[in-house]
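Chemist: Given next are the chains, with one letter for each unit.
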Amino acid sequence: MFLCRNSQVTHFDLPWGKRPMSRPVRTRRGGPALLLAVVLSSVAACSSAPPPPSALENTDGAAPSSAPAAGPSASASALAVPITKTLADGTKVTTVVRNGQVIVTTTKNGKTTTTTKSATGTSSAPTRTTAARSTLFTPAEDKIGITSNSITMCAHAALTYGAAFNTSDADLNVFWSAVNDNGGVYGRKVAVTYENDDYKPTTAVEAARKCKAKGIFLLLGGIGFDQIPAVRNWAEENRMLYMHHTATVKGTAGQKFSFAPLPSVERTGEAFGQLYESKYHGKKIGIIKRDGENWEPGVVAFKSYIASHGDGKMVVAETAVPQNKGNYTDDVLAMKNNGAEVVWIWDNALDAAPIVKQIRAQAYNPHMMLFPFNLTAQTLDEDAFNPALDGVAMFTAYTNGEYGGPFASYADDMKLFEAQYKKYRPNVDLAGVGGDLLFLNWSAQKALYAQFLDCGKDCTRNRFVDMLETYNKRPTSSACPLDFTDGNHRRGTEDLVFMETYRDARGKAAWRNTKMCVGRG
Amino acid sequence: MGQVLVLGLISGGIYALFALGVVMVHRGTGVLTFANGEVGTAGLFLAALLVDGWTIPVPFIDNPTLPALPWALGALAAVAFAALLGCLFEVLVVRRMGVSDPVAVAVATVGLALFLLASELQIFGESPKELAAPVTGGPTIFGVIVTPTQIAGLLLAIALGFGLQAVLRRTDFGLGILAAAQDPAAVRLVGVPLSRISLTIWGAGAALAAIAALLVEPTVGILYPGYASELYVVGLAAAVIGGLNSLPGAVVGGCVLGIAQSAATRYLSDLHLPGLHFVVVLVVLLVVMLGRQLLPELIKRMDTAPSRAAEVSA
Numbered sequence: 389m390f391l392c393r394n395s396q397v398t399h400f401d402l403p404w405g406k407r408p409m410s411r412p413v414r415t416r417r418g419g420p421a422l423l424l425a426v427v428l429s430s431v432a433a434c435s436s437a438p439p440p441p442s443a444l445e446n447t448d449g450a451a452p453s454s455a456p457a458a459g460p461s462a463s464a465s466a467l468a469v470p471i472t473k474t475l476a477d478g479t480k481v482t483t484v485v486r487n488g489q490v491i492v493t494t495t496k497n498g499k500t501t502t503t504t505k506s507a508t509g510t511s512s513a514p515t516r517t518t519a520a521r522s523t524l525f526t527p528a529e530d531k532i533g534i535t536s537n538s539i540t541m542c543a544h545a546a547l548t549y550g551a552a553f554n555t556s557d558a559d560l561n562v563f564w565s566a567v568n569d570n571g572g573v574y575g576r577k578v579a580v581t582y583e584n585d586d587y588k589p590t591t592a593v594e595a596a597r598k599c600k601a602k603g604i605f606l607l608l609g610g611i612g613f614d615q616i617p618a619v620r621n622w623a624e625e626n627r628m629l630y631m632h633h634t635a636t637v638k639g640t641a642g643q644k645f646s647f648a649p650l651p652s653v654e655r656t657g658e659a660f661g662q663l664y665e666s667k668y669h670g671k672k673i674g675i676i677k678r679d680g681e682n683w684e685p686g687v688v689a690f691k692s693y694i695a696s697h698g699d700g701k702m703v704v705a706e707t708a709v710p711q712n713k714g715n716y717t718d719d720v721l722a723m724k725n726n727g728a729e730v731v732w733i734w735d736n737a738l739d740a741a742p743i744v745k746q747i748r749a750q751a752y753n754p755h756m757m758l759f760p761f762n763l764t765a766q767t768l769d770e771d772a773f774n775p776a777l778d779g780v781a782m783f784t785a786y787t788n789g790e791y792g793g794p795f796a797s798y799a800d801d802m803k804l805f806e807a808q809y810k811k812y813r814p815n816v817d818l819a820g821v822g823g824d825l826l827f828l829n830w831s832a833q834k835a836l837y838a839q840f841l842d843c844g845k846d847c848t849r850n851r852f853v854d855m856l857e858t859y860n861k862r863p864t865s866s867a868c869p870l871d872f873t874d875g876n877h878r879r880g881t882e883d884l885v886f887m888e889t890y891r892d893a894r895g896k897a898a899w900r901n902t903k904m905c906v907g908r909g
Numbered sequence: 011m012g013q014v015l016v017l018g019l020i021s022g023g024i025y026a027l028f029a030l031g032v033v034m035v036h037r038g039t040g041v042l043t044f045a046n047g048e049v050g051t052a053g054l055f056l057a058a059l060l061v062d063g064w065t066i067p068v069p070f071i072d073n074p075t076l077p078a079l080p081w082a083l084g085a086l087a088a089v090a091f092a093a094l095l096g097c098l099f100e101v102l103v104v105r106r107m108g109v110s111d112p113v114a115v116a117v118a119t120v121g122l123a124l125f126l127l128a129s130e131l132q133i134f135g136e137s138p139k140e141l142a143a144p145v146t147g148g149p150t151i152f153g154v155i156v157t158p159t160q161i162a163g164l165l166l167a168i169a170l171g172f173g174l175q176a177v178l179r180r181t182d183f184g185l186g187i188l189a190a191a192q193d194p195a196a197v198r199l200v201g202v203p204l205s206r207i208s209l210t211i212w213g214a215g216a217a218l219a220a221i222a223a224l225l226v227e228p229t230v231g232i233l234y235p236g237y238a239s240e241l242y243v244v245g246l247a248a249a250v251i252g253g254l255n256s257l258p259g260a261v262v263g264g265c266v267l268g269i270a271q272s273a274a275t276r277y278l279s280d281l282h283l284p285g286l287h288f289v290v291v292l293v294v295l296l297v298v299m300l301g302r303q304l305l306p307e308l309i310k311r312m313d314t315a316p317s318r319a320a321e322v323s324a
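If you're matching them up, the sequences are chains Z and G in order. The first sequence begins at 389 in the numbering used here and counts up one residue at a time. The second sequence begins at 11 in the numbering used here and counts up one residue at a time.
Next up, chain Z with everything else stripped away, as it sits in the complex (with noise of 0.2 Å):
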């Protein structure tokens, strides 16, 4: 039933050097973004290009290479940055530059051989002379934010609620500073500013207008039901471009200037259905709802979606909450007096805590279906088990240090972004509340480096919608495939990750994945 795409994966490998620090390209100060970090990996999500562990290998203390590499993708090649590209027969390719050499990695069947070659007059990044198909932007706005040595983006997002996941927003920059201090993109060097939203729609549009006032490349928009499509809205009459988290689909008709390569509010609530459907299929369950305007086209399509599989009337309580609503016991109770055997908790991570807590001090047992963050898990502890938990996520599972088993199929990425933090953000506690918003981050920030990569030396606004338009990639190892060739802006992946509770190494309450990738099958 499960349909996991299976589409050629691409890794650009950032062999990071042993150069001094430097500053992560940022201008506020203060505010945590953990949401920030969910928005830009959804733009990464739906970008193309993650640094794998060879990247680690390349720690011989030579700085980066700024000459022209031959490889697997010219784009790449022109930034001396190496590349990793697993053929669809399973072949693995490494392309890195070091001194002045290509040397070209090829292991199939677990046989490996590496050729070197000099790099001189090998090709460099893309360079188009014929003009974008997208004419969205005029001539004058084509180039904003975009220079021969800089791109600047900004991104709205609950720098409030960042504190909830001890990350703050220059611990969200660790990506863009290793991609400055090796070269930048064709060059460019990146910065990325954040603006508060609060976690609120005005607000959000507000800090929207504080970013353009910034004059930048790309608006970004972190994790909010609420607040994107009001910022939606106004990117579409303000001509913004705009890459945004999860958000409905409904309101969107005719709207050009934003894309969302994370699965919609209505597919995030369909894929909660399948979860239902694979695991529990013929048994009560009780939602617990978010009471919102925003939320509520997932719970529509969760019932859709069980409903055509003959379980419309399992449905047996459904209560609205507020947020915060802090006691929750009368809506426990509505649950356990209908029988219900699965609870689907369609709310936040900080109130889906005291909800579950709640539910267990009620001697009530049901399985539970949420939103997976480790903040979760690790402040439930006990009560994230007997029985585990179920999750649903846009993202993959983060757990510090474990690289095998459900991790394994992209542990490169993994093991790059925790050498990356140990080099520019020693003291951020990967194995807290906040690792996997980190990751998810990270993630997302090398998805739309790769974009950037794609969109070419020449890139310009018009230029980064046309490679959105036809991209149809795995951005990276731990993100699933995104296709926008269909049209749909609003639907870069449909695919969602399937998780469940467990106790990591360290003895912590946390996620992973049971199935990867799970599309509308």
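Hints listed in this document are in silico derivations from the structure and should not be mistaken for laboratory results. Mixed in with the good hints, there may be bad ones.
[What the hints assert, rightly or not] From the derived model, a few chain Z residues whose C-beta atoms are all more than 12 Å from chain G:
{"id": "1", "residue": "THR494"}
{"id": "2", "residue": "ASN715"}
{"id": "3", "residue": "THR764"}
{"id": "4", "residue": "ARG900"}
[Unchecked claim] Mimicking DSSO-like on lysine-lysine, the simulated pairs with C-alpha atoms at most 27 Å apart in a straight line are:
{"id": "5", "chain 1": "Z", "residue 1": "LYS803", "chain 2": "Z", "residue 2": "LYS896"}
{"id": "6", "chain 1": "Z", "residue 1": "LYS598", "chain 2": "Z", "residue 2": "LYS577"}
{"id": "7", "chain 1": "G", "residue 1": "LYS310", "chain 2": "Z", "residue 2": "LYS588"}
{"id": "8", "chain 1": "G", "residue 1": "LYS310", "chain 2": "Z", "residue 2": "LYS896"}
{"id": "9", "chain 1": "Z", "residue 1": "LYS691", "chain 2": "Z", "residue 2": "LYS701"}
{"id": "10", "chain 1": "Z", "residue 1": "LYS724", "chain 2": "Z", "residue 2": "LYS672"}
[What the hints assert, rightly or not] Each pair of labels, with its calculated beta carbon distance range:
{"id": "11", "chain 1": "G", "residue 1": "VAL113", "chain 2": "Z", "residue 2": "GLY670", "range": "53 to 61 Å"}
{"id": "12", "chain 1": "Z", "residue 1": "ALA601", "chain 2": "G", "residue 2": "PRO203", "range": "49 to 57 Å"}
{"id": "13", "chain 1": "Z", "residue 1": "ARG891", "chain 2": "G", "residue 2": "HIS282", "range": "36 to 44 Å"}
Model, not experiment: these values are computed from the prediction. Idealized CB from N, CA, C, for every residue including glycine.
Fit chain G to the supplied structure of chain Z, relying on the hints for placement.
Modeler: Just chain G now, kept in the frame of chain Z:
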């Protein structure tokens, strides 16, 4: 129905505890305080720090870890700390505002709430924390497991509501408080120490907020900055329903709101009305306010109706 009552009283006890602090301050000063939710949360953080032996986030000191104290000691410290916060606010802000309009002081309490919220975020982060309940278990009533802290919360709300009311009405100090709220100038002229009264009220209101937070946390299960905001807002509504000046009224108001919400969850959820949780609060408020306005008029008409009839017949 029994379950609705039990669930309603659990919620009602929570709302009542917050409402008592609101009424206490309003009755003594005429000021509607918006800070008590966060004052209570600040006290709760201190209790959690002491009871769980947290590592203190102090700069320049290498992870000093406090020894874990019993819950009761942590709770006492929390109440004392909250009272101190209330007193400091009175001395540093309220007193300096002199004879300002109570609305201006109310706005200042919003400032206090934001300051405390920001401080909690800065010091502790927003990651949810847990303060282990002093006792666990509890009886099952109409299918609801009621914890000892929930029972204590309701009983304490009732005891404080009526007890404080008696103190205010039957002691010189209490009468001084009531008089000070009605006519501060006259009270000062007859030699009542107005500043001490004001200090006591703000301190007591804050202490009540800490007690409420301590008893509510085991029900919610976790604490984090701002976690009591929603509960406190409903507590404010409960205080208004009770008449803002009546401590027993605050308890009744809390219970009425709790039961109304519980009944709505039970019987109206299937209607899928957006905002049901708040609609219930609004409807109860409207009914009570209208009732309070219309009832005296109705009684008056009923009283005058027989005399008119008598006049007509005569």
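Chemist: What hints, given by number in increasing order, does this structure fail?
Modeler: Hints 2, 3, 7, 8 not satisfied by this model.
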